[in-house]
Structures are given as structure tokens and as C-alpha cells.
Amino acid sequence: MNWEEIIIALPKFWGGALLTMELVILACLAGFVIAVPVAMMRASQNWWLRNIPLIYTFFFRGTPLLVQLFLFYYGAAQFDVVRESFLWIVFKEAYWCALIVFALNTGAYTAEIFRGAIQTVPHGEVEAGVAMGMTKSTLYRRIVLPRALRMALPSYGNEIILMLKSSALAYTITLMDLTGVTRTIIARNYLAIEMYFTAGVIYLILTFIFIQVWMRVEKRLLRFQNT
Amino acid sequence: MLDLQGFGPQIAFGAWMTVQVAVGGLAIGLILGLMGAAAKLSANPVLRWTGQGYTTVVRGIPEILMVLLVYFGGEDILNRLAETVGYDGYIEINVFIAGITALGLSFGAYATEVFRGAIQSVPVGQIEAATACGMSSRQVFLRITLPQAMRLAIPGLGNLFQCLLKDTSLVSLIALPELMRNSSIAISNTREPFTFYFIAALIYLAITCVVLVGQLYGERWANKGVRQANS
Amino acid sequence: MKKIALAFVAVLGLGVGMANAGDKIRIGTEGAYPPFNNIDKAGKAIGFDVDIANALCAEMKADCEIVAPLDWDSIIIGLNKKKYDAIVASMSITPERLKAVSFSDPYYSNNLTMVAKKGSSVDPKNLKGKAVGAQRATIAANYVTDTLKGVDAKLYDTQENAYLDLTSGRVEVLVSDKLPAYDWLRSEQGKGFEFVGEAIDVNDKIGIAVRKKDDELRMKINAALKAIVANGKYAEINAKYFPFSIF
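Chains A, B and C supply the protein sequences, listed in that same order.
Numbering that gives the first Met the number 0 numbers the first residue of the first sequence as 0 and each following residue consecutively.
Numbering that gives the first Met the number 0 numbers the first residue of the second sequence as 0 and each following residue consecutively.
Numbering that gives the first Met the number 0 numbers the first residue of the third sequence as 0 and each following residue consecutively.
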């Protein structure tokens, strides 16, 4: 094990880790914003509201993230229509492509998690809200969503961890995230095992930190839940 | 727009390879999952720690890193193992073996948790009754625990298998000629990335549908004779 | 414990091969670098490198197997792990690589060049802040990251992906080996592009990589190379791809 080379490479790893964290945090925030309305639609009684978003979640959950990335990054650039329109400002940058794809991907998974949670909100609480004369939107705002989001916390935490790991694919579209930095370093010093080992340790540390944070979030949000 | 320009057979071959990698990974993953669950539930603290270490580490690193690590490090480890048992030759791992091992290791870590949860959910009363009937612990496990645990594990395992299917695309990044890699090759000749990646996406969706249907049938078969709560 | 370990190794052995000596030479090539190495519709490896490899093997009277496609980033690592015995994949002889492998005599020469859209006012001396692309783990990539300061470097897993981004405009300039770029400029996709600036002479010689201790193989390849240059077979293969000599 060539420890010297690992130490020399650490600053570059740090740069990669920063980009990874940036991508994951922004993608998860955007994904959350997408997921809540989509989940509400997927849980509705109306056939159309329920099944149009299904196309979105089915596509993004049923295809590999790698395909989605390549489709957006290389595939979209094939069409002159895209290249000559204002969309190109966004599609041109690998950073935005990655962010959009990650957000849509995590949004789809999160939407299904939230949908399951919405549908599992104890019916008694919903009935109580209706009995008190709440309108649909108040019902959602005061009863259903707070309850559903709290129930979804463990699964949602898992999904965020999965997003952290999936972010490793950003390097395939030229971004220098942690895995991209690792591959580039290995291309010069051929120390594959040492470098991948270090990258693995860094991912584990990031995952560990996140789990600790999430446990505290869960504890605080679920403090009145004793069932 | 959807003209394959003669690359149809390559794409079809790639899809078949994808399925093979998924099934290979599943086989290894199920075995590792059962072993891991047994380790985590055992009375032996060393086994418990090993199991915990396995699941924590493997679930914490990206699958692509797993594939890359196994591909480069796997041979070293295997050869050292072989040396300790006195085997002098040189063993090499081809890309396919590296791929299914890496995917199997990943699957196994998550499957360990699924199996563990399922085994622990088998009503204790049944285990007690079986022991009271005089069954050995091995008989209890094989005749009572495992069949019932399988029923509880199938939904979780089905979801994990779907993830595994999508993760096979990662093996394209170490040049295994599965669906993604063959699509890239077709693109380098035809210069139409959208066409081929879109077709690849459709094929993945199709395979996912098949697996979903299979999972539904599997659940129905495993739940034969079990009364379900009305939703 | 020994029995279990042996059984485990044996089971894995069901799917693995064993490297052996003998007259079979496995030659690895990337398969994503036309016109030197590429994969055709039937899945076979084709190109200048493949033709040279076959000619050398015929000359050495050895039984050759072409191993492709391979991941470029790890192609040297694969050689050292004995997945194949030689690399004929347009690999430049560099001091860095010489630390890891040995090379045969060169079988062609190369320069680096910059490619950009026709009519774009790209000044090779002043690329600050511009997006410049190259394939990762090549001397072109080294040039971009070491010599060109202040550029926005974009590295790609394959040359093909680099071309795709050049065509779509994501990178303004591509640094690549001159000969494949020459071939690409003649293609449909490369029509609107041209060489920019002078060829960057980095005294680049392309060789065949073998493991450091395989000196016998290296000698055999050198002898075979001399032979095919002398008897005209090299010129024949050269003419198939380029109207000028690339030796």
C-alpha cells in the first residue's frame, strides 16, 4: 500500500468531494421540490392526475441513471433544435445536465416514497380533519403532509444515501467529482487499489456523517410521535 | 429516427449479456445475503461483527467504486488466497466474473438486511412449537423459518433485483459488452447518441416490466394460503 | 478452513481462465479509436492497429487472439495483470508509461494537434478560460492539464465522446493525436472542422506495450516489425488508411 501517494493526492480528493457534496445537496433539494407535488398527484383519486406522473416516475425509476445521464448529455446535443435554442445555455454545461438528471431521478424515487407515506396516513386523522371542516388544501397542509413526511423519514434518508452513491456517475460526463478525480489520478500514477480504497473511505465518511445528521433530524421531527 | 443502421444484433446481444450479468449477480448476492443474515443473527460475536462490517462498508460505497475495486483488486486477493492453500498457478478474472462478483457483493449487503428482517419476522411461536416437536435447529430453519421468511423477503428482494438490473449498466464502464457498451459502440459508428441511448432505455424498461410481473407472481405464489388484511 | 478456501477458489475457477505460456499471444486493443482500432457491426475489432497486430503475428508464426473492447484508463493495468500479453492500441511511448511497462520499437509516429470549428477565431496561444477537451489518460490530456494553463479542461472516457462534445460545441478546441483527427475530419461528422495552429511536436512515438519481464516477446515483436517494414507489408497496411507514410 503506497501511503505516500495517497497523502499527496488528498487535496485533489478534497476538491472532488466538495463537488460531489454540492451536486448531491442541490439535487436532493430540487428533488424534494419536485417530489411533493408529484406524490400528491400520484395519491389522488383522479385517474388522470394519478397516471400522467406515472410516466415520469416509471421512466426514471425503470432505467439506469447512466442511461439517463447519457441521454440528456450526449443525446440532447444531437439535435440542432436544442443546440440553437435558449435551452443550450443549460444543456451545454455538464454541471447543469448532471444536476437536472440527478434531481429528476431522485425526485421520481422520492415521489413514490412520499406517495406511499401519504397513503399510509392513519385514516382516523384524515377523518378528524374533515369532521372539523377543513378544506382539502388545509387538510393537506396541516394533517396529511406533515404526517406523511415524518413517516417517510427513514426511507427518504435511505434515498438520499443512494443519491450520494449515484452521484459517482457524474464523472462520465466530464465532471471532476470524487470518482472523476480518482480516475484521473490513477491515469497518471497507475495506483488503482490505493486510490479507489481512499475514495471508498471518503464516501464512507460522507455517508456516516450524513447518517448521524439524519438520525438527529428524525429524533427532533418525531419527538411527539410515540406510536 | 429509430433506424438501428445494422446494429440491431449487437444491441440484442448486449441486452442478453445484461440479463446474464443480472442473473449472475443475483445468484452470488442471494448466497451472500443468506450467509450475511445468518452471520448477523448468530450467537458468535465475531460472526456478528463481520456481518455488520460487511453490510456497513458495502452499503456505504458507490456501486461503481465496487465494480472498479473488484476488477482491479479482485485478482490480487484471489491469488493470495490461492497461495495460502498452496496453489501455484496464476488465476485471472475476466470482466464478466468481476462484474457479477461486484454486483453480487453489493446485492448481498442489502439482501442481508432483507433476509434478517424476514427471518426475525417469522412468529416466534412457530419456532417454539417446532422445537417442542423435537426438530433439530437445522430442521427448524429449513422447514419452518426459511419458507416463511422467503414469503416476507420476496418484495424486498424483488426491489433489490430491479436495482441490480440497472446497476449492470455500470459494468459497461469496465468495457463488458453489455447493453450500454454496445450502444456506445453503435454510436461511435453512427454518431446518433439519442437514438441508441433511447432504445437502450426502452429495453431496460421492458426488462424491468418483466421483472415486475415476475415479482407479482412470485409474491402471489409465496402468499398462497395466507390471509391478507383488507386494504 | 483450507478445504473451504480451496473449494471456493475452485468454484470461482469454473468461470476464470488461467494464463499460460505458449505460442498463443493475446493482444489487447481499446476498440474506440478509429481508424486505428474500432469495433464493427459484427463485434469484431478492426483498424490499422489490428491489421499491424495480425501482420506481426503472421510474421512471428504465432497464434494471436485480439482482446477488445477494453477500457482505455485501465489498459496498462490489465496488461500487468496478464489479461493479455501485448497492447497494440496506438499507445504513445512516454517516460511515465515506461515506469509501468516496456515498449517495442515504434510502429508509427504521431503529433498532437488542435481541432476546432472552421472559421472560429481560436488562437492556440491564448486559450485562457476556454473549454478544451481531450481523452483521459492520453498524452493529449497531459498536454491540456500540464502545458495549457488556465483552460477549462474536460476529460472524456473515450475519444468518441470527446468528438461528440466538439461537434455539439461544448468544447471549443479538442487536443488529440493528429492521425485519428485527420481521419475524423474526413468524415461526415468532422466536415465543419479543421486543424488549428501548428502540429504540436512532442516527439511522440507509438509502440507496442508488453510486460517488463517479457523481454523475449518484445524482441520477437521488434524482429517481426523490422521484417514487415522490409517486405512491404507495413506499407501495404499504411496505404489502406493514409495516403502518406506514418512510420
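No lab work stands behind these hints, which were simulated from the structure alone.
Hints are not guaranteed to be accurate.
What the hints assert, rightly or not - Pairs of lysine to aspartate or glutamate, EDC-like flavour, derived with a Cα cap of 20 angstroms:
#: 1; chain 1: C; residue 1: Lys98; chain 2: A; residue 2: Glu4
#: 2; chain 1: C; residue 1: Lys129; chain 2: A; residue 2: Glu92
#: 3; chain 1: C; residue 1: Lys177; chain 2: C; residue 2: Asp214
#: 4; chain 1: C; residue 1: Lys127; chain 2: C; residue 2: Glu197
#: 5; chain 1: C; residue 1: Lys239; chain 2: C; residue 2: Asp50
#: 6; chain 1: C; residue 1: Lys116; chain 2: A; residue 2: Glu4
#: 7; chain 1: C; residue 1: Lys81; chain 2: C; residue 2: Asp214
#: 8; chain 1: C; residue 1: Lys43; chain 2: C; residue 2: Glu64
#: 9; chain 1: C; residue 1: Lys232; chain 2: C; residue 2: Glu58
#: 10; chain 1: C; residue 1: Lys190; chain 2: A; residue 2: Asp79
#: 11; chain 1: C; residue 1: Lys177; chain 2: C; residue 2: Asp122
#: 12; chain 1: A; residue 1: Lys91; chain 2: C; residue 2: Asp151
#: 13; chain 1: C; residue 1: Lys117; chain 2: A; residue 2: Asp79
#: 14; chain 1: C; residue 1: Lys129; chain 2: C; residue 2: Glu171
#: 15; chain 1: C; residue 1: Lys190; chain 2: B; residue 2: Glu112
#: 16; chain 1: A; residue 1: Lys11; chain 2: C; residue 2: Asp145
#: 17; chain 1: C; residue 1: Lys117; chain 2: A; residue 2: Glu21
#: 18; chain 1: C; residue 1: Lys212; chain 2: C; residue 2: Glu197
#: 19; chain 1: C; residue 1: Lys127; chain 2: A; residue 2: Asp79
#: 20; chain 1: C; residue 1: Lys190; chain 2: A; residue 2: Glu4
#: 21; chain 1: C; residue 1: Lys116; chain 2: A; residue 2: Glu21
#: 22; chain 1: C; residue 1: Lys129; chain 2: C; residue 2: Glu197
#: 23; chain 1: C; residue 1: Lys116; chain 2: A; residue 2: Glu92
#: 24; chain 1: C; residue 1: Lys124; chain 2: C; residue 2: Glu171
#: 25; chain 1: A; residue 1: Lys11; chain 2: A; residue 2: Glu21
#: 26; chain 1: A; residue 1: Lys11; chain 2: C; residue 2: Asp151
To be verified - Residues of chain C clear of chain A, computed beta-carbon distances all greater than 10 angstroms:
#: 27; residue: Asn141
#: 28; residue: Tyr155
#: 29; residue: Glu193
We treat Cβ as the ideally placed atom computed from N, Cα and C, and that holds for glycine.
Of all the hints given earlier, name the ones this structure violates by number, lowest first. Numbers 3, 6, 15, 17, 18, 19, 20, 21, 27 and 28 - these are the hints that the structure violates, sorted from lowest upward.
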